[in-house]
Structures are given as C-alpha cells and as structure tokens.
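Fit chain P to the supplied structure of chain H, relying on the hints for placement.
Protein chains in written order, with numbering that gives the first Met the number 0: chain H, 0 to 293; chain P, 0 to 289.
Just so you know, nobody snuck in bad clues.
Straight-line C-alpha distance at most 25 angstroms; calculated DSS-like pairs for lysine-lysine: (1) P:Lys-57 x P:Lys-68; (2) P:Lys-249 x P:Lys-57; (3) P:Lys-249 x H:Lys-245; (4) P:Lys-190 x P:Lys-93; (5) P:Lys-173 x P:Lys-91; (6) H:Lys-280 x H:Lys-207; (7) H:Lys-145 x H:Lys-237; (8) H:Lys-245 x H:Lys-78; (9) H:Lys-8 x P:Lys-190; (10) P:Lys-68 x P:Lys-55; (11) H:Lys-145 x H:Lys-245; (12) H:Lys-237 x H:Lys-78; (13) P:Lys-280 x P:Lys-196; (14) H:Lys-145 x P:Lys-249; (15) P:Lys-196 x P:Lys-91; (16) P:Lys-190 x P:Lys-173; (17) P:Lys-91 x P:Lys-190; (18) P:Lys-4 x H:Lys-118; (19) H:Lys-280 x P:Lys-93; (20) H:Lys-280 x P:Lys-91; (21) H:Lys-119 x P:Lys-4; (22) P:Lys-249 x P:Lys-55; (23) P:Lys-249 x H:Lys-237; (24) H:Lys-245 x H:Lys-74; (25) P:Lys-93 x P:Lys-173; (26) P:Lys-196 x P:Lys-173; (27) H:Lys-280 x P:Lys-173.
Just so you know, the hints here were simulated from the structure itself, not pulled from any lab data.
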Amino acid sequence: MEKTYKFSKIERRRQQQQMAGSIVRYIVLTLVAIVMIYPILWLVGATFKTNNEIFTSVNFIPKRIDFTPYIEGWKTRTKYTFTTFFMNTFMFVIPKILFCLLSSTLVAYGFARFQFPFKKIFFSILMATMFLPAVVTRIPLYLLWKQLGLLDTYVPLVAPTIFANEPFFVFMLIQFLRSIPMYLDEAATIDGCNSFQVLIMILLPALKPALISCIIFQFVWSFNDFLGPLIYVTSLAKYPVALALKMSIDQSSGIVEWNQILAMSFLALVPALVLFFSAQKYFVEGVTSSGVKG
Amino acid sequence: MRHSKIGLVYILPWLIGMVFLTLYPFINALVISFSDYNLVREPNFIGLTNYTNLFKDKDFISTLVATLKYTVFTVPLQLTFALFIAYILNFKLKLINFYRTAYYIPSLLGGNVAVAVLWRFLFQQDGFVNRFIGMFGGQPVPWLSSPTGAMSIIVILKVWQFGSAMLIFLAALKDVPSDLYEAASVDGATKFHSFFKITIPLITPTIFFNLVMQLVNAFQEFNGPYLVTGRGPLNSTYLTSMFIYDNAFKFFNMGYASAASWILFLIIVSVTLVLFATQNKWVFYSDGGN
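Chain P on its own, in the form it takes in the complex:
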C-alpha cells in the first residue's frame, strides 16, 4: 500500500458527490422537517410541530403499522426460503445452473413495472390465481378487495424475489468445509443436526448481512404496493414510503414529508443498531470479527 495523497485525488469524485448528494440532503431533510415549507411560501421555523402532528395523524400511524407488518412478514419468509433453497442446491446436483437461473430471474425482473402489472393481473378476482384455486375446488380469494388479501399479494411479490439472497447464501454454504460434515456424520449426527449445529452457526455472518439488507429495503418498500395494490382496502397496503411520496410530491408538504422520512429513518437505524448490538450473541466470525 503506497502512502500517497494522490489517493485523495482518485476518490475526489465520490467525496464531492458524498457531500452534495448525500450529506447535504441528509442534514437538509432534518432542517426542512422543522419548517412548514410547501414550495409556495417562504419556509417558517415551526419547531417540532410536524413531528407532533404526525403522531396525531391516523393515516401516518396506520402506514407505520402497515410497514411494520409488511417487514415482519416478508423478511423472515424471504430469508428462510432463500436459505432453504440454497441448502438444497448445495447438494451436488445436476441441472444446478438451470435451477439457479429459474430462481434468480424473479429477482432480476422484480423491480420492473411490468412485473407489477402482471401481478395485479394474476391476482384479480377472475385472474389466473383464483382460477387455479378454482380448479382444485377452492373458493376464489378476494386478493385485491380485502385488507389481508392485498397485503398478501405484495408480500408474495417480495418473497418471490428471494433469488439474490439465495445466491449470497449459496456462496456462503460452499465455503463451509465439507470435512466438518463428514466428521459430524461419523459421530452419528443426522443431516438435521448438522444443519442446525454446523451450517447455521458458520453462515451467521451471511445471515446477518442479508437480514440487515432486507430489513432496510423492506422498511422503504414503495414499488410493490404503489403499483399493485395502491393504498389497498382500508389503507391496508398504504406504506410509510407512499405516505412520504404523497405528502412531498402530490401535496408538496415538504416539511411534513421530511419529518415523516426522518421518523422512518430513525426507526430503520434503531432496528439496525439493535441488530448490530445483538450481533456478538449470535453471529460467529471465523476471523474474530475483522
């Protein structure tokens, strides 16, 4: 490693961008959140009014509840599924490339509006999913017209995109030394045992990484509900990011929306910090945490 200030020159683009496109907006969001800025009149400082109003705003509270629900359902489901499939794929199988491709494609396409269109279509009252259920004699499910149905659709949409988490797990599973499994099986351990006593502990850093990433993303989810269900029946899929979007870019209540975005930010940060704090209880780093 060379000691040279020239390194600073190379990172200069990032440094400039970081200051103007990240740091400045980050602080400015806090400043705006203490004002009544609405694009039309000059902003006035109004202290914590936006924050106190938000906590009285039933719409806002219900978006927080919906966001929490969405996160609590999607993240564990997606991670369990990703790990389960990665675990099976890690056995020496033929056709592994085919399966890996099939599982990754939804993650690849998932962000596209086209998938949201397709989703809305599949889950209509007379859509594909209900007709499929009907083939087995089931009653049609009111996916789009009931609160639980609407939430389920966007949760399924997200869980369907478990591919990238799966690939990350698969890479981690490949790094688990196979002699550990052999030793365990000589000692009479079942596959079930070695999975929970060897595999899981050794890949906890990856689980942790995936968990944090998925949580941060789930709390900010916008595309799925906005495009597929909208607010949903009884605002059941009206998530906080949509509330922020509406207030900022439809009603131009920049102060109010900024305060909401800071509350969401603080929630995400607290959850992440709690996870980091519990890390040394359950995350096992083979290199001692470096």
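Bound-form chain H, shown alone:
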C-alpha cells in the first residue's frame, strides 16, 4: 500500500512538471509567433490608416477602413499603373514556371533513371552549381546578354529555367524520382513503352506533388526576385512589381504618401500569401525534402 502511494506521488509530480514544461513551451512559441507575424499585421493595418495615424499609433487595427490609399497608390505618380507592373511580373514568372517544370523534369529523369558516360562527373557538377555563388557569374552573364542584344527584355530572367539551370529544382525532382520504385518503369518497358512514354505515363502522375512544389517555389522566388530585374530591366514600361515598389520609395521626396506605398507593398505580398495558404503542405514537403535557399 505504502509503496503504491509513494509511486503515485512521484507520478503526480512528474505530470505536474510536464504540465509546467508544456505551458512554458506554449508561451515561448506564442511570443515568438507574435513577433514574427506582427510586422505583417501592422502592415495590413497601416494601409488603411491616414499618414498621421501611421506615425502615432502602435496598434495595428486602423480607426477606419478606407481604401483610398489602395486606389491612389495603384495609380502611381507615373503614367503607368500597377496593372502594368503586375502584368509585367507575370510576363516572366509564368514562362519561368512552365520552362522550369519541363526542363527540370527531363533532366531529373535522366539523372535518376539512367546510367550514361560521365554521369558521376555531371552529377557532381550539378551539385556544385547548387552551392556556386551567383555573384561570380553575374557580370559575364550581363555582358553575354548585352552582346546578344537582349538587355531590357525578360529573356535573361527566363533563360536559366529553359536550360534547367536552377539546380534546386532538378535536385528536388531527382530525390523524389528515387523514391518511386523502379519496377513500375520496368513493367511499363516490358509492355512496350519507350523511355519517354514511361516518363509521361508512369512517372509524371506520381511526380505530381513534387511538381506542385516546383510551381510554388518558382512562383514565389521569381515574383520576389529583385536583383535580376534590377540588372536587366531598365525601361519603366517593363518594370515588374519589385522595381516599381523600389521606385516608389526612391521618389518619395516632399510629401510622402506612406499609406499608399504600404498599400502597394501589401498587394505585392498577396500572391505569395494566397499561394502559400492554398498549398501549405507542398511548401513544407518541398523545403524539407531537399533543403531550401534563403
């Protein structure tokens, strides 16, 4: 009797400790989550505020809901509106996604399913390029596109995806293909499929989740890309959202309509947010399957 009593006392104390531990964890996690998200919430709130209220209130909830900053901000101080800048962004983001899917799938298939001469060397180079600092190739690439007369077009931005030269995507697909059992291919080959048919009919359906991950990462990264357009896109008419936003903060001499700038900033974040919330699990899978830059 005595013994069980003692035992349950220890047990109870252990439970209490666990309880305390998990309360501490929840508090830490919640505090950190607030710090992480508050800037974004504050941004959303600020887009509805007057300039005066932005500078006097720490609270993110605006006193009134007024869409004027959105309407005025959208018009910009130039002859273009954000309609142009958003359209421009999609003009290279969509081709990038399509080419990336196409070329990365083919290349990953080649690496994951075939033995061929120099394969080991090529694969090492592929891995090395994943770590290669982009800064070192930037200037010669610029000179290359200049020689080809393709500056101030979207070609320099899209070209790397045509040639599967964003190794992150190829690597992610290789990893995924390796997890698909080989006997599927073999069965299809016996049934008379050639290698391309195997890819299209057997592997492509199985690759779907990985391809969705590719779409969303390519979308977010291309949409957010700033340095690429900064180097290659020079005329205002071709500016993507990233450059238009940068321009709006540079121009802001005199009376700064901060609420307009913040409203447009928030709109620039919306596409990525929408995509994230509609395809969350693919993000998590994508990041964890191969590691992610950034």
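Chain P alone, transformed into the frame defined by chain H:
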C-alpha cells in the same frame, strides 16, 4: 538502372545551359578580372592590377569587413534560433500547424521588396519599433543613423527569416528515434543532457547543410542592405555584393568588379572548404558518410 546513352539526351538541356550560363561566365569572370574592360573601350590585359588596387581600396576593404560582420552575426543567430524553435515544436503540441505557418511566413515573404519597405518604415526614428520601446520608457534607438543600428536592422531582417532553416531542422528532429530519448531518460538523463548528447550529434548533418547554405547566402547578401539601409552611416552596411553591383552596373568598371567578385568567391569557397575539412571531426553520418 538502365545503361543507356538516352540519359544524355534527357540531361542535354542542363548540359547546354551549364556550359553557356554557368561554366563560360564563371571562367570569363576570371578573364575579365585581369582586364580594364569598361564597356566603352576595347579591354586591355592589365595582369593583377585590379587585384592589387582592390586591396588598396579602403572602400572595398571596408565592404569585406562589413560582409564578415554581417555573416558572423546572422548565421549563428539564425541557426540557433531555428534549431531552438524546431526543438520546441518537435514536442507533441497542439496548434503545431499554426505555429509552423507563423514562423515560415517571414521566410516566404522576406525576399520581397515590400518587406524591405516595411522594415525601413518600422525602424525609422519615429517608427513603430521606437514607439514600442518608448511605451516601456526606453530611449529611441537611432536605428538608421548609427552604424551599429543600421547593421542591427539588416541582421534582424535576416534572422527574422529563420523559417526555412527551422523546417529543415524539424524534419531532421522527427527522424531521431524516440527510443533513444526513452533509454536516456531511464538512465536518468535530463532533457538538457539528451539535447546535447543525443539530439545535436544525430542532426549534425543537417546543421552542416544549413550552415553551408546560410554562409554562402550571407556572404552574397544584397537585397536587405541595398533596400533598407543603403550604404548605411559610415558605409556600415555597404556589403561586398553592393560594391560589386555599383562598380559593374553603375560605373561599368567590369574588370574591377569582376576581380572583386572573384575575391568574394574565393573567400566563400575557402570558408566552405574549411567547413568540409572539419566535417569528419564533428559531423556524424549514420550511414558512414555515403
């Protein structure tokens, strides 16, 4: 695995791109770095002049120091934070999806110019952060007008984006067999002990991967300082990548900028190689390193 040259056909797009968009520019950068090419006149071979001039250039040296500072602050902070949060999230918690989302969103949006705009705004003299500090009776911090303040802002911006590193850690932590923890706790190990004696050693490959990735990125950081602080007071946030950008795309000193980019490249490669060399001292691969 089929032995078939058709594999070469499938990787052909990558091979072509690798040669023309990576290998050729990579070598060409070195060639240009030995010249005085400036887009206007024909390039002349000038040997190592660009390199010797760079090491005499106070601006360049100060960008290297700033870049090093930035890297030394952001990478350990970001990784420690990512690991710490991943460790807590790995306890069976309710709402894990909510927390994971909250922590990942900054990484998702961080590259966007909009976040840089927001950052600049939050850290203004009369901005949100200073007013928040003021609420607790603190003095306003000169974030944008002091060298330390400016560096802190861009470091905070980067550390704020610890989400993807955290997700990678979380996946690694899930793979640590739970019977190891149980065995340790039977033997009387505290949580603290099992963290340092079991968890850390088992996830060293992931720590290593994250470390290399974050270092390579931090050395090349451009967006944060360029958009938020610019050069910063006393060039405190003038990083090497910005120096290269200015020289190449503002002043069109292609030779000089290429030499600077090769120096940065060599620094990154040396740091990475040193890490790889120390790998077998502290990185534990359960499959023997294959």
